[in-house]
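There are 2 protein chains.
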Amino acid sequence: MRLSRYFLPVLKENPAEAQIVSHRFMLRAGMIKQQAAGIYSWLPLGLKVLRRVERIVHEEQGRAGHIPLLMPTLQTADLWRESGRYDDYGEEMLRITDRQKRELLYGPTNEEMITDIFRSSVSSYKDLPLTLYHIQWKFRDEMRPRFGVMRGREFLMKDGYNFDLDRDAALHAYNRHMVSYLRTYERMGLTAIPMRAASGPIGGDNTHEFLVLASTGESEVFYDSAVTDLKLGDRQVDYDDREEVAAICREFTSLYARTDETHDATAFEQVPEERRRVARGIEVGQIFYFGTKYSEAMGATVATADGRKVPVEMGSHGIGVSRLLGAIIEASHDDKGIIWPEGVTPFHAAIVNLKQGDSEADAACEAIYKGLQARGLDPLYDDRDARAGEKFATTDLIGLPWRITVGPRGLKTGVVELTSRRTGESEEMSPDAAIDRVAQIYAAHP
Amino acid sequence: MRLSRYFLPVLKENPAEAQIVSHRFMLRAGMIKQQAAGIYSWLPLGLKVLRRVERIVHEEQGRAGHIPLLMPTLQTADLWRESGRYDDYGEEMLRITDRQKRELLYGPTNEEMITDIFRSSVSSYKDLPLTLYHIQWKFRDEMRPRFGVMRGREFLMKDGYNFDLDRDAALHAYNRHMVSYLRTYERMGLTAIPMRAASGPIGGDNTHEFLVLASTGESEVFYDSAVTDLKLGDRQVDYDDREEVAAICREFTSLYARTDETHDATAFEQVPEERRRVARGIEVGQIFYFGTKYSEAMGATVATADGRKVPVEMGSHGIGVSRLLGAIIEASHDDKGIIWPEGVTPFHAAIVNLKQGDSEADAACEAIYKGLQARGLDPLYDDRDARAGEKFATTDLIGLPWRITVGPRGLKTGVVELTSRRTGESEEMSPDAAIDRVAQIYAAHP
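Going down the list, the protein sequences come from chains F and Y. Throughout, this note's numbering is defined as the position within the first sequence, counted from one, plus 9. Throughout, this note's numbering is defined as the position within the second sequence, counted from one, plus 9.
Note that these hints are calculated values from the structure, not bench results. The beta carbon of each residue, even a glycine, is placed where N, CA and C say it ideally should be. Warning: the hint list may mix true and false statements.
Computed, partial: chain Y to chain F, Cβ under 7 Å [unchecked claim]: (1) L17; (2) V19; (3) A45; (4) T82.
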């Protein structure tokens with residue numbers, strides 16, 4: 010994309026309403042615009058990151074064998090009356106009456122609807138196991154929406170639901186979600202720690218939250234520092250292998266890691282003192298096993314091999330997709346702006362032309378721009394007629410991890426400069442070498 | 010995808026509620042499930058087609074230089090009061106009150122919001138031209154939702170908005186949209202005819218609708234039959250070239266083609282009698298040039314080069330994304346089911362194993378499955394333990410354009426069968442040749 014033709018309304022001033030860094034930088038970088046309390050437009054740059062986050066979620070769900078569908082944003086009140094949650098849910102549920110006086114609601118989650126889909130078409134153990142998920146806009150009418158997309162009202166969530174014949178199979182689905190989530194967060198450059206959690210209105214005993222450490226996190230967390238060294242890395246996981254998947258879950262959940270809701274001071278004391286940590290965390294996902302809570306209430310049964318009819322075993326599993334953008338920025342920024350991890354950056358590299366209008370500099374930039382595109386990459390070419398300082402400030406603010414700086418002086422000796430946003434380190438090389446290097450970097454982030 | 014692990018709840022019976030063929034086949038093929046009047050879940054197969062349609066829309070918008078963002082589904086009533094449309098819009102607008110008693114609405118379209126985004130960050134002619142679009146769920150509270158996704162209440166629409174300095178530039182944007190839409194529909198296998206239309210509540214004089222001919226269409230259309238022979242084909246279009254783009258528009262709009270709203274019997278009489286056609290059509294898109302209607306009401310002005318402040322010239326341009334699935338099926342089916350055009354098919358080919366459990370047949374299917382995937386294709390392997398007739402019926406119903414049939418008898422002489430869903434013609438060839446052939450077919454439908 011050529012910046013002169015893009016829509017990137019960056020702000021020079023810090024917006025007064027933003028209390029935390031991610032909110033501030035998302036507004037300043039022209040990623041979002043508030044349309045009402047807790048309701049945002051995703052401007053082009055913000056949407057690009059959102060789509061990259063979504064894509065990673067889709068790919069990892071696909072790898073785990075989970076199947077995407079898409080449920081609507083609006084649901085009927087009657088469906089929620091079947092589970093008893095219509096009255097329980099309280100004021101966070103946005104209730105709507107249509108022109109025919111039918112009661113609708115803007116879905117805050119989809120346990121009821123997915124159970125309805127299941128019961129209307131599956132009746133045999135032969136169709137199990139089954140895990141369905143969607144990535145869809147949800148609405149929760151927060152009393153005090155704040156912190157930008159971190160606590161919005163209209164937000165994008167991935168929610169998945171497993172249907173299994175028995176408890177063991179359902180626990181395997183739970184574990185499969187845990188492992189797929191670990192890989193999902195790692196690909197986004199995040200360390201998200203699974204922590205035993207409280208179940209809240211979803212129900213069920215087995216539940217883990219995934220928390221990203223950040224000083225602005227809403228939860229207090231207690232953990233063994235060794236837990237942050239765990240990495241899934243590029244291990245190949247056979248998601249059908251119950252024992253292999255369970256072993257990974259044990260590896261990631263054996264060390265002490267709890268939120269304030271489930272914190273156990275006595276158990277925490279067992280952690281060697283030098284590894285005991287108390288910090289704050291941002292919740293970016295949660296998985297639940299709740300058995301037959303919804304299937305019993307809503308009559309979602311399957312026939313077993315020996316002809317009995319049993320309520321299907323279920324769990325639900327969520328990732329806060331839009332909130333993740335805030336979490337990533339909280340975890341990765343400096344005073345100049347955002348520092349996108351390569352896995353989610355909106356553009357792979359910035360090309361900064363130090364002297365727009367200089368025929369050699371223009372030609373070199375053009376060649377690098379097309380060269381990166383030819384390698385399947387998506388560069389942002391700052392072709393504005395602006396001072397170098399302004400161009401650098403924009404690139405730094407919007408957080409592109411790599412910058413190629415092109416100017417007449419360097420070109421005299423055939424070099425451009427490749428700069429890492431994270432380290433600030435620069436290296437001179439030929440334009441072709443810079444293209445190669447950037448392509449090589451992203452080969453690890455497909 | 011292996012069918013044994015997929016979620017494809019096909020129906021054997023015709024659902025009583027479906028009055029038109031696309032609705033019937035979408036229900037029977039397990040593409041959608043109704044959740045409330047005019048509100049649908051998109052089951053996995055339906056979602057795959059929806060995403061392919063969306064991708065084509067995105068690609069063609071990108072080619073035309075239009076920039077994606079994403080506005081929220083909910084909007085404030087105050088924004089619509091600025092344009093005067095809050096009171097005008099009537100009962101089709103779903104009005105909502107949140108817990109703080111603030112008035113919201115579920116957006117039926119986005120002229121007001123995009124004008125708000127524009128005015129809050131653009132103030133100079135230097136930032137023009139600019140065209141922003143999104144693909145987002147909308148809601149119109151239809152009095153009588155019917156025909157499945159063809160007249161739903163919650164529906165997916167692409168709506169784009171151009172901002173230009175003067176009328177000529179805005180008319181170029183209008184033309185650019187017309188050409189990009191023509192290419193969009195062609196890639197979906199559709200002949201969509203641009204017809205002069207009435208503007209309705211959006212406003213403006215210049216407006217064309219795009220209509221797909223189908224006997225179930227809601228509009229009566231009158232046209233010169235020569236218009237259906239026009240094709241954009243694979244011409245390269247320079248979207249910045251005003252004259253080139255305008256010439257294509259003239260080519261596609263010079264022949265008589267009108268809906269009943271704008272039909273002119275006298276002009277129609279000028280068409281040679283043997284080419285006069287009266288038929289029915291489905292509206293799949295509409296483009297509008299409305300000048301300064303919203304920019305004046307909402308104070309969206311830009312400074313000109315000579316320092317004046319003028320309201321920005323605008324237009325809006327929509328494609329009914331979810332409705333397109335219905336239109337494609339209406340235009341492409343037979344009595345056995347859907348016939349997907351290659352550009353939008355949910356899976357590129359079906360692999361039907363005539364004797365599941367036969368080790369040679371299983372191995373051959375597996376090799377073809379992996380072979381197609383290795384070519385970047387997405388096959389559906391019917392690996393169920395079911396009769397051949399049932400497998401054929403499913404493949405025909407869900408409309409995959411190509412089927413590779415694998416059985417022990419053919420394998421004895423080293424052949425499988427490649428069958429076209431459209432023509433019904435089959436050809437025997439080696440498994441490798443079948444893979445090559447399918448890959449070759451899709452090379453033309455990236």
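Now for the hints, and whether the structure bears them out:
The beta carbon of Y/L17 comes no nearer than 9 Å to any beta carbon in chain F, farther than 7 Å, and the hint placing it at the interface is violated. Among the interface hints, the one on Y/V19 is violated; its C-beta lies about 9 Å from the nearest C-beta in chain F, farther than the 7 Å criterion. Given the 7 Å rule on beta carbons, the hint for Y/A45 holds: about 5 Å separates it from the nearest Cβ of chain F. Of the supplied interface hints, the one on Y/T82 holds, with its beta-carbon coming within about 6 Å of a beta-carbon of chain F, less than 7 Å.
Hints 1, 2 from the list above are not met by this structure, while the remaining hints are.
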